[in-house]
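Q: One letter stands for each residue in the lines below.
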Amino acid sequence: MFTLKLNDTKLLNNTIGTIAEFITDATFNITNEGLKLVAMDPANISMVILTILPSAFTEYQVNEPSKITINLDGFRQALRRVRAGESLTLTHSSNKLNVTIKGSSTKRFSIPLLEDEQVERKVPELDFKVTIEMDSKEFRDFIDDASIVSDAVALKAAENLLLLTAGDTGRKVDIELKQGSDILVSMNIKEPASSIYSVEYMKKMAKAASFADSVKVNFSSDYPLRLDFKALNQAQMSFILAPRIENK
Amino acid sequence: MFTLKLNDTKLLNNTIGTIAEFITDATFNITNEGLKLVAMDPANISMVILTILPSAFTEYQVNEPSKITINLDGFRQALRRVRAGESLTLTHSSNKLNVTIKGSSTKRFSIPLLEDEQVERKVPELDFKVTIEMDSKEFRDFIDDASIVSDAVALKAAENLLLLTAGDTGRKVDIELKQGSDILVSMNIKEPASSIYSVEYMKKMAKAASFADSVKVNFSSDYPLRLDFKALNQAQMSFILAPRIENK
Amino acid sequence: MFTLKLNDTKLLNNTIGTIAEFITDATFNITNEGLKLVAMDPANISMVILTILPSAFTEYQVNEPSKITINLDGFRQALRRVRAGESLTLTHSSNKLNVTIKGSSTKRFSIPLLEDEQVERKVPELDFKVTIEMDSKEFRDFIDDASIVSDAVALKAAENLLLLTAGDTGRKVDIELKQGSDILVSMNIKEPASSIYSVEYMKKMAKAASFADSVKVNFSSDYPLRLDFKALNQAQMSFILAPRIENK
Numbered sequence: 447m448f449t450l451k452l453n454d455t456k457l458l459n460n461t462i463g464t465i466a467e468f469i470t471d472a473t474f475n476i477t478n479e480g481l482k483l484v485a486m487d488p489a490n491i492s493m494v495i496l497t498i499l500p501s502a503f504t505e506y507q508v509n510e511p512s513k514i515t516i517n518l519d520g521f522r523q524a525l526r527r528v529r530a531g532e533s534l535t536l537t538h539s540s541n542k543l544n545v546t547i548k549g550s551s552t553k554r555f556s557i558p559l560l561e562d563e564q565v566e567r568k569v570p571e572l573d574f575k576v577t578i579e580m581d582s583k584e585f586r587d588f589i590d591d592a593s594i595v596s597d598a599v600a601l602k603a604a605e606n607l608l609l610l611t612a613g614d615t616g617r618k619v620d621i622e623l624k625q626g627s628d629i630l631v632s633m634n635i636k637e638p639a640s641s642i643y644s645v646e647y648m649k650k651m652a653k654a655a656s657f658a659d660s661v662k663v664n665f666s667s668d669y670p671l672r673l674d675f676k677a678l679n680q681a682q683m684s685f686i687l688a689p690r691i692e693n694k
Numbered sequence: 447m448f449t450l451k452l453n454d455t456k457l458l459n460n461t462i463g464t465i466a467e468f469i470t471d472a473t474f475n476i477t478n479e480g481l482k483l484v485a486m487d488p489a490n491i492s493m494v495i496l497t498i499l500p501s502a503f504t505e506y507q508v509n510e511p512s513k514i515t516i517n518l519d520g521f522r523q524a525l526r527r528v529r530a531g532e533s534l535t536l537t538h539s540s541n542k543l544n545v546t547i548k549g550s551s552t553k554r555f556s557i558p559l560l561e562d563e564q565v566e567r568k569v570p571e572l573d574f575k576v577t578i579e580m581d582s583k584e585f586r587d588f589i590d591d592a593s594i595v596s597d598a599v600a601l602k603a604a605e606n607l608l609l610l611t612a613g614d615t616g617r618k619v620d621i622e623l624k625q626g627s628d629i630l631v632s633m634n635i636k637e638p639a640s641s642i643y644s645v646e647y648m649k650k651m652a653k654a655a656s657f658a659d660s661v662k663v664n665f666s667s668d669y670p671l672r673l674d675f676k677a678l679n680q681a682q683m684s685f686i687l688a689p690r691i692e693n694k
Numbered sequence: 447m448f449t450l451k452l453n454d455t456k457l458l459n460n461t462i463g464t465i466a467e468f469i470t471d472a473t474f475n476i477t478n479e480g481l482k483l484v485a486m487d488p489a490n491i492s493m494v495i496l497t498i499l500p501s502a503f504t505e506y507q508v509n510e511p512s513k514i515t516i517n518l519d520g521f522r523q524a525l526r527r528v529r530a531g532e533s534l535t536l537t538h539s540s541n542k543l544n545v546t547i548k549g550s551s552t553k554r555f556s557i558p559l560l561e562d563e564q565v566e567r568k569v570p571e572l573d574f575k576v577t578i579e580m581d582s583k584e585f586r587d588f589i590d591d592a593s594i595v596s597d598a599v600a601l602k603a604a605e606n607l608l609l610l611t612a613g614d615t616g617r618k619v620d621i622e623l624k625q626g627s628d629i630l631v632s633m634n635i636k637e638p639a640s641s642i643y644s645v646e647y648m649k650k651m652a653k654a655a656s657f658a659d660s661v662k663v664n665f666s667s668d669y670p671l672r673l674d675f676k677a678l679n680q681a682q683m684s685f686i687l688a689p690r691i692e693n694k
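Residue numbers (this note's numbering), protein chains in the order written: chain A, 447 to 694; chain B, 447 to 694; chain C, 447 to 694.
Hints may contain errors.
Heads up, the list lumps identical chains together, so a pair's fine if it works in one copy or across two of them.
[To be verified] Below 25 Å or equal to it, Euclidean Cα-Cα: the simulated BS3-like pairs (lysine-lysine) are:
1. Lys602 <-> Lys568
2. Lys513 <-> Lys456
3. Lys456 <-> Lys583
4. Lys636 <-> Lys575
5. Lys676 <-> Lys636
6. Lys624 <-> Lys568
7. Lys568 <-> Lys451
8. Lys456 <-> Lys482
9. Lys548 <-> Lys602
10. Lys676 <-> Lys548
Hints in this document: simulated from the structure, not taken from any laboratory. The structure presented is a predicted model; accordingly, all values stated were derived computationally and were not measured.
Could you put together the complete structure from these sequences and hints?
A: This is the structure we're talking about:
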């Protein structure tokens, strides 16, 4: 059983909204260490890893660890009803998640719990040759640029340079990001790497830019991509995406 | 014949827009007491009662009482063409309603009159056990909340408490409004009452919140609902809605 | 070969956006006198004539006159990716138009050149009895008003008066513009004239109001219409539209 209270629901709205791009029913683990979720999308191409820390809540009280599975759509609709100045409380009764919104009136949304049919997911340990931390909004824009001309984007890292390329015979987009650019936090390229990923998945992941200022882009040649979005003392949202195999 | 002039068309836009949610062709009675309409929706489940007072107009001149039937769509499109600083004049020629908009240029929209095929409607006299006056925007929000989970909403009034409930076995919304809340103007509960109404109809009615600050919600057990929206010295718009009979 | 640089892309966005309403592939002539286009729409009912002057560019360098044909959609999408503070450079390599956007990163969009299959268009010389210069946004609004009730608009000019009429047996719009109105720049009526044009085409042309403050409306009885939109020292966009023959 738990009681989680929030006075600002922006973070919850953003993270739940982003997860809903990948899955329809979500299983949350709620312990004293925070609210956690690890899920694969139905196509098994990507993994979503979310942690919301207890410090992101106004009140965080967990008597015993809980695992609840709910439909995200119903949860999002309830979240959208919160207005400025109202508080949100999540509690857990036998077969319901109760969302209570308090202002001049009291609104109570009950969302039925579903059976957890998913197997426990383990986050794979990966070894990356390239780690670039950059402005998250710029990253989202890059992916939007790439999505105009192609459904795949090539990431290439050489010494002091990140290159995103999309499209080929017809329209083409090249984006160059050099060491020293304003929008870089850090650029760590152990060895040159080159890999191709789905733009469609990256676009969904890039929505997490709405709650985090920067993103860590991790990859190696023909190897999965991992994106880490972090809001300090609040939440971390990571995504792992399988590479595309393509004739280059 | 009549000449009605307006320098601000917001009220007319709002009321005509709300009526258009219920009916396509409308019959207006224009007398020295104002512009009036009483109409039933095609399904005969709800009644709309509108009065716009002469004092809402900049100029209100009625030589003899007129009754005109027009298509609301054409009227709304003409109203939408008025811009800030322009005046609107409604006049009546043989078989047309003329809408004249004057600014730097003069625009004249002619809307053909239709034959009035509707029988005269009488507003039923009803006796309500519960009358609650509250903030109209909050009321609209409550109905929006309820519409998320169900097509019906239950209104329940007990001592010092109004409860709106929607949904049941699956997702559910409860909204509690207590005596003393900021958003209440008055709460008059002669005896406890409980009734169920269509959310779809209530949503259309709640659009009248755009011209009135408060709404009077009148009902009794398994009895029609009456909503009264009033803009002082300007207009009153009321709706009557038949209750739903449901297994409770 | 050419290098054209812009620090503000609004003008290019607006003009290319308007042309895209008429044609999908466009042939531009780029000479020391500016960037020019003359095109007919596929239905051969209207002509678009665009000139963007060298002075509209931050840098304008043309080594030899070039003629390039591109798909407008691809070009527009690249233009939309420019953000405040970024510069845009257009260059021309063997079979590509390169659009380079420079800010904290460098984005390069390559758009394939198409074969120019269009015959060279000559702008017809026309002799107009009526020339009215007016506020371009008001003109766009008039066309929007007319489009509500009909697919054709009649322009009539008599002494000191321009009349736009649309619709007939049912709904009807009349717009009267008199000598002396605020929204007129000049009104030159050599002889009364009356002609009918397609509202659909005029709506597309009126989009040019977004870059020019005024428009010259030129017509004669049952004769083509010519609209001239001009942004001083920047660009001129003109449209010629065949009259409609209708029973009046």
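Q: Mind listing which of the numbered hints don't hold for this structure, in increasing order?
A: Violated hints (numbers, rising): 1, 6, 7 and 10; every other hint is consistent with the structure.
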